[in-house]
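A.B. asks: Residue numbers (the working numbering), protein chains in the order written: chain G, 449 to 732; chain P, 855 to 1152; chain Y, 222 to 676.
Treat the hints as calculated values from the structure; they're not laboratory data. You may find that some hints are simply not true.
To be verified - Each computed SDA-like pair below joins lysine to any residue, with the alpha-carbon atoms no more than 20 Å apart:
1) Y:Lys553 / G:Gly531
2) G:Lys495 / Y:Ala666
3) P:Lys967 / P:Lys982
4) Y:Lys518 / Y:Lys615
5) Y:Lys553 / G:Thr532
6) Y:Lys325 / Y:Arg674
7) G:Lys506 / Y:Arg473
8) P:Lys982 / P:Ser1020
9) G:Lys506 / G:Lys521
10) Y:Lys638 / Y:Pro525
11) Y:Lys584 / G:Pro510
12) P:Lys987 / P:Glu977
13) G:Lys506 / Y:Ala666
14) Y:Lys371 / G:Pro658
15) G:Lys495 / Y:Pro525
16) G:Lys521 / G:Pro510
17) G:Lys600 / Y:Lys371
18) P:Lys987 / G:Arg726
19) G:Lys495 / Y:Gly581
20) Y:Lys615 / Y:Ala666
21) G:Lys495 / Y:Lys615
22) G:Lys495 / Y:Leu580
23) G:Lys506 / Y:Lys615
24) Y:Lys553 / G:Asn697
25) G:Lys647 / P:Leu911
26) Y:Lys417 / G:Asn697
Just so we're clear, the structure is a prediction, and the values are computed from it rather than from any experiment.
Next come the chains, spelled out residue by residue.
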Amino acid sequence: MATLKESLALKSALLSVLLLAVFLGLWQLAAQPAASGGTIVDPEYAKLVGQAAATGSKTPMPTPADIGVALWKHLSDPFYVRGTNDKGIGIQLAWSIGRVLAGYLLAAAVAIPLGFLIGMSPLVYRALDPFIQVLKPVSPLAWMPLALYTIKDSQISSIFVIFICSIWPMLINTAFGVASVRREWLNVARTLEVGPFRKAFRVILPAAAPTIMTGMRISIGIAWLVIVAAEMLVGGTGIGYFVWNEWNNLSIANIVSAILLIGLVGLVLDQMLARIARLVTYPE
Amino acid sequence: MERAMISVEGLARRFGDHGQPAVFEDVWFGVEKGEFVCLIGHSGCGKTTILNVLAGLDRPSGGTVIVDNREIDGPSLDRAVIFQSHALLPWLSVLGNIAFAVSSRWPRWPRAKVREHALRFIELVGLKGAADKRPAELSGGMKQRVGIARALSIEPKMLLMDEPFSALDALTRGMLQDEVLRICAETQQTVFMITHDVDEAILLADRIVLMTNGPGACIAEFVVNTMPRAERQRNGLHRHPQYYAIRNHLVEFLVNRSRAFDREIAEHGYDSRRPRTVRPGLAAINPAAEVVPLRHAN
Amino acid sequence: MTMFTDPFDAKTLLSRRCACGGNHTPEQHLEATRVAASTEESWWTRVVDAAVLRAVFPHDAQRRLFLRTVGASTAMAAISTVFPLAIAREAFAQGGAPEKRDLKVGFIPITCATPIIMAHPMGFYSKHGLNVEVVKTAGWAVIRDKALNKEYDAAHMLAPMPIAISIGAGSNPIPFAMPAIENINGQAITLASKHKDKRSPKDWKGFRFAVPFDYSMHNYLLRYYVAEHGLDPDKDIQIRSVPPPEMVANLRADNIDGFLGPDPFNQRAVFDGVGFIHLLTKELWDGHPCCAFAVSKEFIAQNPNTYRALLKAIIEATAFASKADNRKEIAKAIAPQNYLNQPEIVLEQILTGTYADGLGAVKRDPKRIDFDPFPWPQFAIWILTQMKRWGQIKGDVDYAKIAADVYLATDTVQLMKEAGFTPPDPTRKTIVIMGKPFDASKPEAYLQSFAIRRS
Ligand SMILES: Nc1ncnc2c1ncn2[C@@H]1O[C@H](COP(=O)(O)OP(=O)(O)O)[C@@H](O)[C@H]1O
Ligand SMILES: [Mg+2]
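With these hints in hand, go ahead and build the complete structure from the sequences.
C.D. replies: And the structure:
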């Protein structure tokens, strides 16, 4: 059994590598600057424009090799500071992660107790439901101008946007998880004359924990998506700002390397929560 | 009049608005201290509802339940419940489930004492090796043993069991029934148990309460199990001289009388406060002792 | 004509070599002195001493010789016998000490912001005792919000924005002031390479154009230009607001046919082979304003000295930027990631005016972009006529009052005098756009003279 599983893992890994190699190879080929019709241009003109433009074509997409170079450049010196608007990618990521955690933890601190109350009381559940349904689908970037306008501080505004976007999945899942705790488990607590706090922490919380963790996992994904967009809008620091700054420079290689890092950090955040989720999940 | 330990007085329960007929109404019966009482009736007649009211998990629409001369007003650690679906907390181990109950009963006990007490009851139901397993890793029978251990561990004044063995295979069920018999003999527990299994009732119960079909179900009569506890052995039960008489009486009730009991009422009269008590087992060994009501033609 | 080419220009304060004779700029010297000085007073003392020393010995060689022979402290003692140094120090400190030294100034990474940006690496802010952080910002709406939020003490804006903010177009009215224009000219209409042969706006029906912001000279100039060629900008073409960096990407992706946008993105489109420069906005209106340096009136009231110091730094930086000789140096200073984050060659073409046009020719126009701080009230009035022309504002407009309130020409006049420049006479300004003169004293008549308009 074990060897079968191992060989499957090995094969799938090999296939992944192969797919990646094919993809990168095709990309490398496609991004090669086209050998143009050899338009003869004035050498003085050629000096003033990009290589491709000098021969009458457009600057091509960067090749995977260009991106590798850009990535290496960023990773080999991730923490430099060369002025307000030019800091290493490590610093930018740290800023983004810091903001995400601040907004996310705040959201969790509000959503979980509030979700608990909502889930415990069908009355509150029904009363708040229309608000939640209306606010939940609002795009993060729609909150941004409102936040900037009312909070008047872009740093707090971006944390607020994380907060407001990551609160819904946690709130809804907590309320749902709490509301759908099996009746019989509650009855066990009742026949044992368990007090309200003990019941909340020893029965309802562990019972709803997998659902709550699912919400938290969705939320961290949203928070990480939102921060990049929010920072692109507000600027200053963070990986979103980095992408925007490179976009400003039309440097696709730098943008792609930032995208790779954004994906990687998102994956790590997700896996961290998945691990916690596994700890609180119980088979029935 | 001296009240029984559990005294159900004029109980009724209806769901929904007042237009709906009651599931059962005007239900009167009692359970004496140390007595093992089984309630038998068809599915849907309201057995679980009655048990929930006794447990304090549900409130009746009418009537009261008096336990130890006090009207109950909610669940109590004195009345332990063994649920049909065992209702174990799946995120806790076997030990954790029982320790949770024990520490709810004696909140001031130190951890070690709780653990030691819990382990004692795990051993009692024969799950010594499985203390650290999660419920999901247990078979159905083992889960129900945990449920029994949990109920017993809080040393309640009485046990309320809702078809505790109905989901088990015959072999496991038999073993658990023996277990329950043994434990009740040891602890002199007062037990109120719901079942729809006739043999189970004969094996376990000192007295069997027959419930008619709903809606508007009521208690038809009490059947005293005249087989002494010591003579009730699962393997030799069917060879006991009283066995078939009692069994036939119960089956006859379930098959025919339970759904047409109002006709019996019309013919013979009925006092809901004092339903008739019958002893069909004695009639088998001494036909003069007891008169079995006539069977009604359909 | 910009005022920095005046004959009086010779009085400029800036000598790029330091007075102490070392191989560094005076700002670097001040910075070093400042670090060395233990208290604020002693810093001011050094500043004044150095200034007096320079006044007594105007020639570097002479001063160095004197200092070398007698030593610095003896030299100051000797001078104080003939010049009341203590009084000079006091007077300077009183007039100058800024209320707030640590400032944040927002900018959009385009060449229009050159004076605001270069004042940082080239030391103009620190020269006036300010520690300014220049913060790159993502867009005009954000820079407006951050300026309104007081996150920025001052900001780079489009010239129409302080007017729009002050009269409450697009948001609540908040009194804003625009004491200095950043740049004049320096914008262009860039078309996608495939439109090489459609050089007349008459061929542009159905084109999709991008401008950086609704309240921008870009928007008004593009509308003016096509309207003069008989196209209605609201009906015959589409104009949308697009952040400048996205203009090139959109042009490349064929989402737009062209844009009237700020540099470096016109030149960047040429550099990447995506488009060509159809015309410079200078060809429409030579000397038109574009971007501005804006502060809230509240900030001015609370920090008058800081405001004066800041404005002086901006005016000096603008003067420095207006010199053709300095342009290559500026291109180098503002190219890094911290500022514009662009290839130096692109910036150099914009600032020097020797540029590839995207059609294979190298063009030369040293005035492609120029820098002139003077906030002519006539500019404000023209902008208001266009806001009204295209329906951004409605009803009666008190052109002269708004212009005077927002475009603080009087402050600029005074500070230019203090800084040793000769300010122009605000009443003598002629504006001609595409051959049609604009008389700022008759804005309504001017507005009515257009055939294509919304009001
Ligand atoms: N919460 C409830 N709401 C409405 N009807 C209920 C509820 N619980 C039980 N009933 C109804 O009451 C009747 C008796 O149910 P129950 O006591 O579970 O029967 P039994 O245990 O005898 O099979 C059934 O008809 C059932 O549908
Ligand atoms: Mg039932």
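A.B. asks: Could you run down the list of hints and mark each one as holding or not?
C.D. replies: Now for the hints, and whether the structure bears them out:
1. Y:Lys553 / G:Gly531: holds, 16 Å
2. G:Lys495 / Y:Ala666: violated, 49 Å
3. P:Lys967 / P:Lys982: Given pair Lys967 (chain P), Lys982 (chain P) holds - Cα atoms ~17 Å apart, limit 20 Å.
4. Y:Lys518 / Y:Lys615: With Cα atoms ~25 Å apart, Lys518 (chain Y) and Lys615 (chain Y) exceed 20 Å; violated.
5. Y:Lys553 / G:Thr532: holds, 18 Å
6. Y:Lys325 / Y:Arg674: Not OK: Lys325 (chain Y) and Arg674 (chain Y) at ~40 Å, beyond 20 Å, violated.
7. G:Lys506 / Y:Arg473: holds, 8 Å
8. P:Lys982 / P:Ser1020: violated, 24 Å
9. G:Lys506 / G:Lys521: Given that 20 Å is the threshold and the Cα spacing comes to 25 Å, the pair is violated.
10. Y:Lys638 / Y:Pro525: At roughly 17 Å apart (the allowed maximum being 20 Å), Pro525 (chain Y) and Lys638 (chain Y) satisfy the hint.
11. Y:Lys584 / G:Pro510: Given that 20 Å is the threshold and the Cα spacing comes to 30 Å, the pair is violated.
12. P:Lys987 / P:Glu977: holds, 14 Å
13. G:Lys506 / Y:Ala666: violated, 47 Å
14. Y:Lys371 / G:Pro658: Measuring from Cα to Cα gives roughly 44 Å; hence the hint is violated.
15. G:Lys495 / Y:Pro525: violated, 48 Å
16. G:Lys521 / G:Pro510: Holds: Lys521 (chain G) and Pro510 (chain G) sit about 15 Å apart, inside 20 Å.
17. G:Lys600 / Y:Lys371: Distance ~8 Å between Lys600 (chain G) and Lys371 (chain Y) Cα, so the pair holds.
18. P:Lys987 / G:Arg726: The given pair, whose Cα atoms are some 17 Å apart, holds under the 20 Å limit.
19. G:Lys495 / Y:Gly581: holds, 11 Å
20. Y:Lys615 / Y:Ala666: Status holds; Cα separation ~16 Å.
21. G:Lys495 / Y:Lys615: violated, 50 Å
22. G:Lys495 / Y:Leu580: holds, 14 Å
23. G:Lys506 / Y:Lys615: violated, 44 Å
24. Y:Lys553 / G:Asn697: OK: Lys553 (chain Y) and Asn697 (chain G) at ~16 Å, within 20 Å.
25. G:Lys647 / P:Leu911: Holds - the C-alpha atoms of Leu911 (chain P) and Lys647 (chain G) are around 15 Å apart, at most 20 Å.
26. Y:Lys417 / G:Asn697: violated, 25 Å
In summary, the structure is inconsistent with hints 2, 4, 6, 8, 9, 11, 13, 14, 15, 21, 23 and 26 from the numbered list given earlier, while agreeing with the others.
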